[in-house]
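Student: Using the supplied hints, reconstruct the complex from the two chains, each of which is provided in its own coordinate frame.
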Amino acid sequence: MSLMDKLLDLDQRIIYAMLFIALAFPILHPIVLPMDIQAYSQESFDFADSIPDGSVVLIEGGLTAATYPQGGPGLEVQIVHMLRKDVKLVFFSIGTETAAWTVTAINNALARLPAGVAAENGVNWVHMGYVPGGESGTAAFANDIRSVKSEDHFGTPIDQIPLMNDINMASDFAAVFWWGGSEGSIPYGVRQIVTPFGVPMTGMCTTNEVPNYSPYINSGQLHGIIGGVRGSAEYEYLMSMPGLALGQAMATNFGGLLWAFLVVLGNVLYFIARREGGNK
Amino acid sequence: MDSFLLGLIAGSFVSIGAYSVLIGDNPLSKFTEHLYMGILGGFIFATNWNYVKTNAIIPVLQGNFVYIFAIILCVMLLSRLNTDWLWLSRYPVAVTVGAGLGLAIRTTVMSDFLGQINATILPLNSLDNILMVIGTVSAAAYFIFTAQTEGPYKYVNMTGRVFLLAAFGVTYGQTVSFRFELVIGRLVDMLRDEVAMYTYAMLLIIGVGLAYGYYTKKIKWYSGR
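The listed protein sequences derive, respectively, from chains A and B.
Take 10 as the starting number for the first sequence in this note's numbering and just add one per residue.
Take 8 as the starting number for the second sequence in this note's numbering and just add one per residue.
If we strip away everything but chain B, and leave its shape as in the complex, we get (with noise of 0.2 Å):
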């Protein structure tokens, strides 16, 4: 059996598990929780350990000792490990903090600002244009707290609710169109004719062991609806 068959089945028998979950909480959910989760940690682990190795640690022994300091805040970030040195963690978190909010913040007036309010003043030639400049008008409008909601300003809260809450049902709907496109992904590789016979045979076995837990209650029923 190739590396490549041997990851689809587990690939399969972890999405069994993960899904399970639906059912209830139980052994096989858990593990596949910790065990996603452990892989996940170790892989990043290692990985920007590399970065810092390359980055970082071979500069400085090339005579660069500019990257001590790197070096530096990433060990102290690594104190939250201890709950009384996790203080000294805080430093290098400010750090990251304040320079990706200044980098952020450099950018954000012309892309997330002024860019925006310019791709709303437009020509009301058409109906999309008519519904773009009244929506944002109009939702931005709702959120003035300060107004009492009465006289004309009434009608323009009420604008704003009406297209607010279709943004969110587009949301919605599109959240739920991504959590089956996450669903299928699985389905694929699970279904695969290579693969479907395990996948199968698993969620028998897996059927009939959360059956049996359930029964002999070892393994708590969830009852909620």
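If we strip away everything but chain A, and leave its shape as in the complex, we get (with noise of 0.2 Å):
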């Protein structure tokens, strides 16, 4: 068997082990890699940032412990941006993991915060939990907060939260920011917020849902979104706030450059194998 035949039959399991090598020596030892700023992050990141301070906005938290490490940083981010800007939180979260992890992005947000900047439980920011139903929940949740939420995620009822005074629908929102990670709801937002009340929106989903939601981009209907790790380690970048994402984003470039490689080095085989009458 030729080297050639022998690469084009490469057990899977040893580009596995390439793969974690390559992902794993740039977590080991840091190496940053130059990197622009996408314009989706750019737009989102700008939407968000001119949001008139003292305004409410709705975040949707639906990151996992699997997408958590890709957009968690970001969201810590960017809820350090808005309580930053006094603009005032109203978190909930369609799913019931996704209730858990948004109460760990606000803590970790709030341990991140310079001193002196407001950020008091039911006065500067609220979480309303999981609301089941998906898209009906969330359209629910939209046309009256009170129809399914009589308590917030931590058990305090609706009526004595300071923050829910005067909000009960969408529309008393100025913005969405809406944290699908790998959910798929982006369109829940778009649908049953943007469309019926007319409140701007961006969102943040992970890497392979970013070509899904570009058309709600072009079509004005979504504010640019934050895309993956990369996004995330953006918007930190774009706030001055290096942290996790960063480094995670320069072992994705890594890994992207070895499977670039792999692709290249199969497709170069392949058509030699076939020009040389293989059957490969």
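Careful, some of the hints might be misleading.
Straight-line distance between alpha carbons at most 30 Å, and here's what the computed BS3-like set of lysine-lysine pairs gives [as the list claims (entries may be wrong)]:
(1) B:Lys224 x A:Lys15
(2) A:Lys15 x B:Lys225
(3) B:Lys37 x B:Lys224
(4) B:Lys37 x B:Lys161
(5) B:Lys60 x B:Lys225
(6) A:Lys15 x B:Lys227
Bear in mind the hints are in silico, worked out from the structure with no lab data behind them.
Tutor: What follows is the structure, given as structure tokens:
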């Protein structure tokens, strides 16, 4: 068997091992490669930055254990960003696990807040917790929050939360940030909040879902999007708050370079084999 | 040892177990899979039970009897657990699907149909706009299966296919990147200074265990490419 045949018959486990090394190396030995800010991330950041001080925004926290490392750092920085502008935040989640991870994001963000920034639960932010029903639940929440939630995530009755005094439907919010992770739920926000109530929205999704939602950006229904760990890293960079996402983005670059090399190598070998009359 | 560190170590162990499926199906990967499904199932059930209790059972006990219908529908969903009563669960599923569909269709025409058409009607004054219009029209035309691919339509079809393949390529690349990010997310926690020692030790133990299992043929070696 020639070297070319051996390469074309390479056991996938060897590729996994190579990928493991390529991904682990930059984590153990951080290396910074040059990185541009993507237009979608810049648009999302500019949109968030343009929200008037003192407004109230709605945040859907849709990150899970799997997607939190990608979106979590970005969400944490965005919470800091908004609280520093005295923007009030109302969180909710359409998943059970995601509601718990939203608490993690809030706690981590509060720990990174500069001294003197107001961040009182119930006054500056509130987590309304899990809203079941997917898109139906989102529609019900958007139309009448009190019809689906009688208390917040921590059990405080909604009528005892000062921030919720004048808020009961989507039109009471200045904007929506939909941190959908891999939920595939950004269309819920577009269909049930942006279209019927005219509330502007931006969001975050995992890298693989960015192409699915780019039509919403072109049509103006979505004001940019934070895509995966790179989007989070860019938010960190724009806020001058380097964190976990920036390091992970570098590891993704290394994995991507190796993968691109393997794809090119595989194709070159395939065409050589075919030209030589092989049956590969 | 604090609970946070214990959680990281357990997470590292479970991650290694989950990724060991890449070597081939093995008892550890199955254990991890079942553990994850069990914990997640229990957590989801408990959270939903709490929601039903807060938003339906307590209101009923306080005299708001309209929520009895919601409770009955919830109980009917559980009839799936018995095959003889499975048919009962179709009613709440039908209500859920019907309500979801109705709510989605209400605004889908505006957001996913008219909004997208509007976004495609662009002035042809930049390369971006020209590509957007040609790409959208030719990709949509590719799916006219009733037309013969001959004459001028052949070129429209070919252009549409090029745009579709480019879109699939982008989606593939993004998906690969997403999978990397999933692994990296775990690796960051597994390779923290305070956890790395446990991760390496577990990798070694699991490696030796699996090697022994495959060598003694107690675990079937996956031989496909």
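Student: Each hint needs a verdict: does it hold in this structure or not?
Tutor: These are the hints, each one checked on the structure:
1. B:Lys224 x A:Lys15: Measuring from Cα to Cα gives roughly 26 Å; hence the hint holds.
2. A:Lys15 x B:Lys225: Holds: Lys15 (chain A) and Lys225 (chain B) sit about 29 Å apart, inside 30 Å.
3. B:Lys37 x B:Lys224: Given that 30 Å is the threshold and the Cα spacing comes to 17 Å, the pair holds.
4. B:Lys37 x B:Lys161: violated (51 Å)
5. B:Lys60 x B:Lys225: Outside the cut-off at roughly 48 Å; violated.
6. A:Lys15 x B:Lys227: Given pair Lys15 (chain A), Lys227 (chain B) holds - Cα atoms ~24 Å apart, limit 30 Å.
In this structure, the earlier hints numbered 4, 5 are contradicted, and the remaining ones agree with it.
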